[in-house]
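The hints should help you fit chain B onto chain A, whose structure is shown.
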Amino acid sequence: MNVWSNIALGFSVISEPMNLVFCFVGVLLGTLIGVLPGLGPGATISLLLPLTYHLNPVASVIMVAGIYYGAKYGGSTTSILLNIPGEADSVVTCLDGYQMARQGRAGPALGIAAFGSFIAGTFATLGLMLIAPALAKFALRFGPPEIFALMVLAMTLITFMSSGSQIKGLAMATLGLFLGSIGLDIFENVDRFVFGYNFLLEGLGIVPVIMGIFGVGEVLANLEMQSKGEVFEKRVSNLLPSLKDWKDSFWPIMRGTFIGFFIGLIPGGGGMASTFTSYSVEKRLSRHPEKFGRGAIEGVAGPEAANNACSGANFIPLLTLGVPTNGIMAIIFASLLINGLQPGPLLIKNNPALFWGVIASMYVGNVMLVILNLPLIGIWVRFLTIPYSVLSPLILFFCLLGSYTMKNAVPDLVVMLVFGILGFLMRKFRYEGAPLIMGFIISEMVEGSFIRSLLMSNGDFSIFFTRPISCVLMVIALAFFILPFFGKKPKSLGSKDNEK
Amino acid sequence: MKKFDNLSGLFLLILSIAICIGSVRLHVGTFRAPGAGLFPLVTGVVLGIFSILILLEARKKAEEAIPFWIPGADIKAILLSFLAILIYALFLERLGFLASTLVFFLLISRFVSGHRWATAFFFAVVASAATYSVFKFLLRSPLPPGILERVF
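Just so you know, the protein sequences line up as chains A and B, in that order. Using this note's numbering, read the first sequence as starting at 96 and increasing by one per residue. Using this note's numbering, read the second sequence as starting at 5 and increasing by one per residue.
Pulled out of the complex, with its shape left as it was, chain A reads as follows (with noise of 0.2 Å):
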């Protein structure tokens, strides 16, 4: 099949309706979570986890990924109103856009940052088309010590780019994959660290684990601070930018899409890291560096397309080879698992609908989130007037219904509340939710592929060092290990979303 075939293909997927409609609550939710402060699309998805299982697979990824890119879109309105970025990418915008927003210059600012997203996206989406199916067919050469050289690497990066330490963030990922070994191994059916209860003979459930960290602990972590803000501009006029806002914007908007598309592709290239490095590009390029700071329309054109362009980008090392780049994709990774689809190179040849399909509801939910976010701008300002102390208990009782509707178990709930407890003294220790999460969801693809690749070579370690590729990708992976230890590892590159 070429490439008008399979675009072929994926359009007539999305524009089956039911598709439409969950692309459309997809963008819809990802909006309104990305403009409430304290729930972010981690959370979000985790609770919709459960729903998903009741949806087909096509239909729910194409609603997960739809919160995703939607959330960065709601995450710049609040940034360029409240100053309060509703995402941890959407911190840049703040700088430049809330000054606009000072200067009366509101419109404009959401204008180029609708748009801007919107350009950047139809990029990704192109370059989603092109890079993922050749990437898909080099990965179906790979074998175990690659499959496993790859995780490690993946694993490695994901530490590396966040914020916090990375030797914490490399002790939760391998205490994920332990957690992740927990219930009847894959090759002998020996039940592990199950102490005699059934229910952990499955495994510790996906669902419940996720909620526990991500959804009660962010709960619980905003019930410590509560933020407030203040509406600076209640009424947004003149959203369409005017022709030399264009002029100023085109450059920025191309170049943040170039380097959010690149930094998507890299393990833990979270949106944060590519948000900072257009901000900084487009300062040091500009003729007058002076005006960033204080309104200039280039440091919320670049970011922003940064920040789209970065959040398509980050779908092609998940649907080609099976690797997570964050937290928030490690879980749409377990969305794929719950609906019995392995994410890996196999995943385009044989589900082509779903590929397709996914890629152009992207294209679509770009198009609905320009729709959505600049006539009805007024309406998701209102929403940031909804109290904490309403939304706080109801996403602690959707985290409840999410891990008990998954099995109908009540275990799964003393499961996420344990979770819960751990993973809001991680915040409190500083360790980081989401390499746990990713360690936690590839176990069993790790340890199958550690274990073949023994089985392989008798024993011997030396094959993942004697395979080209996986010896390639060992001493990437060593270099990003070793790095921290001399010399400090640039701040600026720190992602905090994936603390999400």
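Just so you know, these hints were derived from the structure itself, not from any lab. Please note that the accuracy of each hint is not assured.
What the hints assert, rightly or not - Simulated coverage check for chain B against chain A, where a stretch passes if three residues somewhere in it have a Cβ under 8 Å from a Cβ of chain A:
| id | segment |
| --- | --- |
| 1 | 9–19 |
| 2 | 38–51 |
| 3 | 119–131 |
Only a predicted model underlies this, so the values are computations on that prediction, with no experimental measurement involved. Cβ atoms here follow ideal geometry from the backbone N, Cα and C, with glycine treated the same way.
Then chain B, alone, in the frame of chain A:
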């Protein structure tokens, strides 16, 4: 931060030793013929190494007193939330979905969010009825029946 890292590093070290002991009790096998305990043992050993590195990193850090709770934190609300979840888990299949959900919302809304009784009651009724109808009728998901479900 130093105290926090020392505490958490020590906890992880003890946990890793426990994981290693537990794995050895399973069949570890050899690298040539790996058993079920091999992978958990490897994770236990690696976690142990990282926890020692965390402890070593902590030694270099300055002694600064960061309070565990943010000043002015609503500690009661956080503990009550944990308690409410525990109560929900204990009573869900005994009292049924509607009754336990009502109690959960009443508890959280009144004592954690600090709403008045009337507001809390209204919130609890609306939220539990709405979720019940969505899950029961729209998603046809089996929810545990109990005292209130028998009435309706």
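Quick rundown of the hints versus the structure:
1. Residues of the segment 9–19 of chain B with a Cβ under 8 Å from some Cβ of chain A number 5, which satisfies the need for three, so the listed coverage holds.
2. For the segment 38–51 of chain B, the stated coverage by chain A is satisfied: 12 residues place a CB nearer than 8 Å to a CB of that chain, which reaches the threshold of 3.
3. Counting residues of the segment 119–131 of chain B whose C-beta sits closer than 8 Å to any C-beta of chain A gives 3, which meets the bar of three, so the coverage hint holds.
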